[in-house]
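Student: Chains A and B, in that order, give the protein sequences. My numbering applies: residue 1 is where the first sequence begins, and numbers increase by one. My numbering applies: residue 1 is where the second sequence begins, and numbers increase by one.
These aren't lab readings, by the way, just hints derived from the structure by calculation. Fair warning: there could be bad hints in the mix.
Copies of the same chain look alike in the list, so a pair counts if it works inside one copy or between any two.
[Stated by the list, open to error] Straight-line Cα separation of at most 25 Å, PhoX-like style, residue types lysine-lysine; simulated pairs:
| no. | residue 1 | residue 2 |
| --- | --- | --- |
| 1 | K24 | K8 |
| 2 | K24 | K40 |
| 3 | K8 | K84 |
| 4 | K40 | K8 |
| 5 | K80 | K24 |
| 6 | K40 | K80 |
| 7 | K14 | K84 |
2 protein chains.
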Amino acid sequence: MDNIFILKELLNNKEIFETIINRKNLKIERIISTGQTTPKGTWYDQEKDEWVILLQGEATLLYSDHSAIDLKAGDYLLIKAHQKHRVTFTSVDPPCIWLAIHGNLAQN
Amino acid sequence: MDNIFILKELLNNKEIFETIINRKNLKIERIISTGQTTPKGTWYDQEKDEWVILLQGEATLLYSDHSAIDLKAGDYLLIKAHQKHRVTFTSVDPPCIWLAIHGNLAQN
Numbered sequence: 001m002d003n004i005f006i007l008k009e010l011l012n013n014k015e016i017f018e019t020i021i022n023r024k025n026l027k028i029e030r031i032i033s034t035g036q037t038t039p040k041g042t043w044y045d046q047e048k049d050e051w052v053i054l055l056q057g058e059a060t061l062l063y064s065d066h067s068a069i070d071l072k073a074g075d076y077l078l079i080k081a082h083q084k085h086r087v088t089f090t091s092v093d094p095p096c097i098w099l100a101i102h103g104n105l106a107q108n
Numbered sequence: 001m002d003n004i005f006i007l008k009e010l011l012n013n014k015e016i017f018e019t020i021i022n023r024k025n026l027k028i029e030r031i032i033s034t035g036q037t038t039p040k041g042t043w044y045d046q047e048k049d050e051w052v053i054l055l056q057g058e059a060t061l062l063y064s065d066h067s068a069i070d071l072k073a074g075d076y077l078l079i080k081a082h083q084k085h086r087v088t089f090t091s092v093d094p095p096c097i098w099l100a101i102h103g104n105l106a107q108n
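Pulled out of the complex, with its shape left as it was, chain A reads as follows (with noise of 0.2 Å):
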């Protein structure tokens, strides 16, 4: 068994991305931010919908029509493949743990 909240590794400034269930058709992931943000300029542009819960500290994602969403502890959304995004802030005390849910999610 393991625990979300427990960080094992240094931080050392870097985002860290954990997989914790990989399948064909989806994965788990656990990322870990202290203070990253996505490249100025640039957008994530995922083949796969991902469905995200900001389980630890304070961040602000962007979508390209420039709405900005702040996210707490406990709020979670859908993002559809394609549908870009930016991170745009993320909390350094506490990190944010994230857990990311990559799939074929969304309704068609």
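Given chain A, put chain B in place with the hints provided.
Tutor: The following block gives chain B in isolation, referenced to the frame of chain A:
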């Protein structure tokens, strides 16, 4: 956007199962337990694997080999399809908030 920690329903001493995402081969579900346990002598015996994380509260899981696992907030584990299990304890205050992902998750 929703928040996994916000309880909208009156709990009324019953366990609450809420579907967040429901696709052909994948279901994401929130479960709220407030003292409920699996009826004595019965076991969960599920067709799908279940990845489950306890996000709030404390709980105890029992496998059919009599091994018991005490869970606290943040603990997660994979229960394979047909791995018989029971919940023998769930905390009332705070209520248990579980996030469960049902699908084909185990490595072959």
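Student: Against this structure, judge whether each hint is valid.
Tutor: Okay, the hints, checked on the actual structure:
1. K24 - K8: neither (27 Å within a copy, 35 Å between copies)
2. K24 - K40: Neither. Shortest intra-copy (32 Å) and inter-copy (37 Å) distances fail the 25 Å Cα cut-off.
3. K8 - K84: neither (31 Å within a copy, 31 Å between copies)
4. K40 - K8: neither (29 Å within a copy, 38 Å between copies)
5. K80 - K24: For K80 and K24, both the intra-copy (18 Å) and inter-copy (17 Å) Cα distances are at most 25 Å.
6. K40 - K80: Result: close within a single copy only, 21 Å intra versus 42 Å inter.
7. K14 - K84: within (23 Å within a copy, 40 Å between copies)
Hints 1, 2, 3, 4 from the list above are not met by this structure, while the remaining hints are.
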